[in-house]
Each structure stands twice: as structure tokens, then as C-alpha cells.
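Protein chains: 2
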Amino acid sequence: MKEQEFIQIIKSTLNSKYIGDDCAYLKDLNILVSQDSLVEDVHFKKDLITPYQLGYKTVMVNISDICASGAKPLYLTISLSLPSDTNSNFIRNFYNGAKDAALGVEIVGGDITGSDKIYISATAIGSSKGRKISSRSHAKPGYKIIVSGEHGSSAYGLELLLKGNPEFTKNNIENKFIKSHLMPEAQIEFSRNISENIQSDYAMMDTSDGLADALFQIAKSSNVNLDIDTTKIPHDSRVDMQTVLYGGEDYQLVAAVPESVLQKISGYTIIGDVKEGPFSVNFDGKTFTQIDDKLFNHFKE
Amino acid sequence: MKEQEFIQIIKSTLNSKYIGDDCAYLKDLNILVSQDSLVEDVHFKKDLITPYQLGYKTVMVNISDICASGAKPLYLTISLSLPSDTNSNFIRNFYNGAKDAALGVEIVGGDITGSDKIYISATAIGSSKGRKISSRSHAKPGYKIIVSGEHGSSAYGLELLLKGNPEFTKNNIENKFIKSHLMPEAQIEFSRNISENIQSDYAMMDTSDGLADALFQIAKSSNVNLDIDTTKIPHDSRVDMQTVLYGGEDYQLVAAVPESVLQKISGYTIIGDVKEGPFSVNFDGKTFTQIDDKLFNHFKE
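Keeping their order, the protein sequence lines are chains A and B.
In terms of this note's numbering, the first sequence opens at residue 4 and continues consecutively.
In terms of this note's numbering, the second sequence opens at residue 4 and continues consecutively.
Hints are computed from structural coordinates only; laboratory data are not their basis.
Every residue, glycine too, gets a C-beta built ideally from N, C-alpha and C.
Some residues of chain A that are not near chain B, with every Cβ distance over 10 Å (derived): (1) Gly145; (2) Lys147; (3) Glu162; (4) Leu163; (5) Thr172; (6) Lys173; (7) Arg195; (8) Thr234; (9) Ile236; (10) Ser263; (11) Leu265; (12) Gly270; (13) Phe282; (14) Phe286; (15) Asp287; (16) Lys289.
To spell it out: a stretch of chain B is covered by chain A in this simulated footprint if at least three of its residues, at any positions, have a beta carbon under 8 Å from a beta carbon of chain A; those stretches are: (17) 6 to 19; (18) 32 to 41; (19) 72 to 83; (20) 98 to 105; (21) 108 to 121; (22) 125 to 131.
Looking at chain A on its own, in the form it has when it is part of the complex (with noise of 0.2 Å):
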């Protein structure tokens, strides 16, 4: 878990209360930011991605970390690092997909350089106006614990991708793994719908690293015990269990959140409740207090 002890070492370096959450809520300027980076080889693979899927899921994906605060995304900067041999379609294609993924966002800025790989880095704005904006912390004892579409289908389609088959390619979109991993879609409105109704507190995040991975971030944060129904969680039935629990990047919302809401919002599926503390996750009766080390970490070798 190197990646984890480097966040603690620039916590303390910097003694930052920002440091660790996925969006930075700088409440003097009413604005979310937070930045995201897909590295070539760790994130993403050239062939097994087109330029066009990639630019749509570099924008997507830091949407997704603006919705899970419940602000609005509006602004997008994109860096690119690119080798000496891109070409200009590649840009145009990267771009054409940036750009009808950032329906309502728009990019505004970033830089180009030189690279041996490719390497993108974007950062989000999004603004807190009319907005109850999310805190991981805020999970309480009685509130529900809903999710936004379906679980697993990105981890399934990455699967089905490097099976290498001439049937499950980049190029086959029309299958819905595929396109859930290739080109996901941030969950704008299931985030506005919940910050734009909720006057309590409440605990929101995306499972960019799998939704078992948000329900113990959330549990340990609040310092409550998510007991959870995995019967309930929406999942393809191809899908199994462990990939629907631990599988990353569907890029869908997760919150906690008093019922009193659920009457104003819709779009949702209630997959547990939130119990008094210690920190704990209940999966059908189970208790675990750490998380199955099957999750997605870029420094695990």
C-alpha cells in the first residue's frame, strides 16, 4: 500500500485538512477542485483503447470525482505528455471525444508536452452554489445507503478486453462491458438530484476503485458500520459477486444518505443502512474490518 503511505507522508509534510479527499472544496471561492491522471501502461493500454474513448474517459472521469461532492462540474484543464510520433488525429480524435463527454463543461485550458508515453492529467472545477456539498465523514447511524446504475460491468469489460478475442475489441462498443469500461458515464444528475434536495449532511463518492473500496473509505471516515445486502446491489447477471464488490471504475455514485430524501430524488437502489460504530462493513451478515486486498493500487508489484 505504498500509495496510501506516500498520502500520509505529504498530509504530514504539508499538514493540509485537503490532503486525502478526492475533491478540495475551497469554500472562499464556492468552487470543487480535483485532479485525476490516466498514465499509458498503468490506466490504459494504446490498443486496447481508442484516442477518441480516451479523451471521452479522461473528461468523464474527473467529472466523476466533482459529482461525488455533489458540486457542479463546469471547468475542465486537460495536460497531455505525448511521443514525438503522435500524429494530429490522434489530438483531433482525443479531443472529439473530450468534448461530447464534457456536455455542459467546458475545457478551458492545460499544456501539451513531449513524453516517451502517453500521460494525461485533468483537473475538475465545479461549483457549490445550490449545492449541499458531500463529505466521505458524514455517514450517519439510520441513513440509507443507496447507489447509482449498475456494478462490475467496467471490471467485466477490461476482462473481456484482454481475453484478446477478435469479438471483445475497442471497436466493439455496442457491447455494454466494453463501453462501460471505455467510455463511462459520470453520474451528473443522480449527484444533482441528491445535493440539490438534501439539506442534512450526507456521505457521497464514486467507486472509481470499486464500490467495496467507497463503502469502507465512507464506514472508516464516518466511523459507522455500512451493513450491506449484496443481493440488492444492481449487477449484471454475468457479473459475479467479487467483481461487482471489488471491481473498479464504473465510475457510479454511492451515498448514505436520511431517507426523508429518498422521496425527492429517484434513480436510485437502496443496498444497506448505516449502524452505530465502530468502523465495520457488513457484507449479508458478514462483518469485515479491512478490505480484501484485491483492490486496484498502481504501486502494488
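With chain A held as given, fit chain B onto it using these hints.
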């Protein structure tokens, strides 16, 4: 000039008024945002800069773009992509350098991922409150051209470092040229001084790509002639005029401002006058309409 070609493609694909400037001015949020990357073996060599200096420079490079707009730098996010053999000392030293550079500016987030080489991308956010924001297209005939600091020192420092002479290493930070290159200083006060005291439109840029490049960009965007007296450009006598004009990474500021504001500010040197267009730059009476091709360009083979 592949980099410029790519920027043109991005501009036309996105049809955005923002792309192409160093900072995006998001007027609805009263902020300016800028993103810049530092890539190993493109922008720096690991053996020629310490982790502390790299953190310091990363912050200064990004704050400098905000300073060039006249805004007040407030926040930074930093994304690091690091080889798996990176140790915790690197992180600690990098962030100590970043923290020391970011006086008055808070580092509020970012992410860490794996990679083959070190990639750093940072985003700076500044506030336009109480500041007049510059634009490179706002130089007007009759304006004076002023600069901060000394020019060419950073490029000269890089020359020294590249010599491989044991006298000139990253550890010899008492050498002012090496310090200029490895630990440049963003011109926060020079910027504040102008943007808080000026009512008229004005042009300002930093000299990250060299003083001559900044002058050409301002002249072109404003469609004016910039008449420069190179003998007035502050520089160390050991640095030749070629390096003074074309050496990059000094992160000094160059501005075109009305003469009336000069009595309200300090710490500047007048190096020339803005005259009627069409676009051109005079160096000591010799007219240029194209910049010498000695500029730093990442895609130049």
C-alpha cells in the same frame, strides 16, 4: 512546431475562447486557472535536480502563470506519477520543496499514480478579486514595456549544469545561475503591484519560454510593434544577449502598461515602447516579424 499545430487543432475542435492562453479566466467564478506539466527527461533530468528543488520549481512554474495574469495565486493541486522504485524520501523532500515555494498558496490536492518516469502536472488557481486581469492582446501604442528581474540567468545556469563540471552541480545553489534554473521565483509582488494599481487594460506574460517569445506573443496578439532597446534588459554581464532573449525558464514577468501607472509601482525596468502595428518586434532598431527558431519546443526533433 508540432506543439503549436496541436494547439490549433485543439482550439478548432473545442471552439473555445480559452484555449491558447496560459491561464483561463473563469469570470463567473472570479478565478483564473492554469495547468502545467514537468516531465522527466523533457523538462528536467533526475541527476541535475534534487527532489526538494523539483517540488519547489513545480510550484513556482505554476504560480508564475497566475502571476502573469495579475491574479492572486491561492491554491494548487499536484499530480505525481512515479516509478515503482520511488521511495518515501523523494515524496517528503518533494513536498517540503513545494511547501517552501508555496508561501501564501495552499496545496489542496492532486493524485499519485505509477509510471515509468516522473511526470508532474500541477494546477494553480488564483483569484481576480481586487485585481485587473491582463491579456496578451492588450498592449497599446504609447505603452511602456517593463520587466521584472534579470534575464537569461536560468538558461545560463542550465548550461553550467550540463557541463558536468563538479563545481557546477545541483548542490551548488549558492551559484545564482544554478539557483535561477533549479529554484526560480514567481514574481508575486511585481504582479500584485501592477494589477492592484492599474485601471487600464494591459498585457503581461511570464518569460517561461524566453523573453523574446513573450514579446512576440504580445506583439502578435495585440497587433502592435514592440520597440526594444536590448541594452536596457537587466542581465548578468556573463550572460550573452542570445541567452538573455531566447533562454527560457526565468519566470520573470514582462508587461506593456500605460506610463501613468509607473509612478505607482516599483521594481521594474523599462526596456522599450509599444508602437503602432502591424505586428513586429524591433531589437535595437532591427525589425523582426518572425521569431528566431531557437525557442524551447518539446516536439522539435
